[in-house]
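Given chain V's structure and the hints, the job is docking chain Z onto it.
Taken in order, these protein sequences are the chains called V and Z.
The numbering used here numbers the first residue of the first sequence as 1 and each following residue consecutively.
The numbering used here numbers the first residue of the second sequence as 1 and each following residue consecutively.
FYI, nobody ran anything at the bench for these hints, they're computed from the structure.
For glycine and all other residues, C-beta sits at the position ideal for the given N, C-alpha and C.
Incorrect hints may appear among the rest.
What the hints assert, rightly or not - Which stretches of chain V does chain Z cover? Using the computed rule of at least three CB atoms under 8 Å from a CB of chain Z, they are:
no., stretch
1, 38-44
2, 50-63
3, 103-112
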Amino acid sequence: DGGITQSPKYLFRKEGQNVTLSCEQNLNHDAMYWYRQDPGQGLRLIYYSQIVNDFQKGDIAEGYSVSREKKESFPLTVTSAQKNPTAFYLCASSSVANTEAFFGQGTRLTVV
Amino acid sequence: AQSVTQLDSQVPVFEEAPVELRCNYSSSVSVYLFWYVQYPNQGLQLLLKYLSGSTLVKGINGFEAEFNKSQTSFHLRKPSVHISDTAEYFCAVRNQAGTALIFGKGTTLSVSS
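The following block holds chain V by itself, in its conformation from the complex:
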């Protein structure tokens, strides 16, 4: 089945540690996105990439980094510079021709 796989589903880290969230898609989509979801805040765009080896900052990129070395993969690193990293993180993808985004099941990150 085609889709987007995020792993792990739950992640716990100590404060001050960097952590990388995985996102893989087999939909052959060119564009990929990372959103952060907090209760009552909706989804806020962290980073997006429309093509391999290129990515752009979204609205809340500070404290995060990404890479896009392969079309199917778009990992997100939450660095120690992110002041409040505990949140639900959603990865999505879309084809350039289509307009809707397809979402993974999310990773819930808890920093203690």
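Chain Z in isolation, oriented as in the chain V frame:
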């Protein structure tokens, strides 16, 4: 910049009653609009989308939405809800650059018997 406002953060309703979830967007020359549903601890699933053409859009699970350009609205409706419709609903608009979706803050629909 594009923006989306979901006018109700929570909507409680009884089973088999009709429901409307309200969404307003900031105006733009061309607008692509979406409604997504999210069940607890899961990703988002597309309910329906408006790209062009008929202003009444039908989606999955019996939902429909009407695009109203003069009111800059895209309200979601269902004539009779089920317990299983309990979830969070998000309205979204594609940004002007066409590079990403901008989401509203969500509406929690709670259906009780």
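We went through each hint and held it up to the structure:
1. 38-44: Three-residue rule met by the stretch 38-44 of chain V, so holds; n is 5.
2. 50-63: With 3 residues in contact (Cβ-Cβ under 8 Å with chain Z), the coverage given for the stretch 50-63 of chain V holds.
3. 103-112: holds (count 5)
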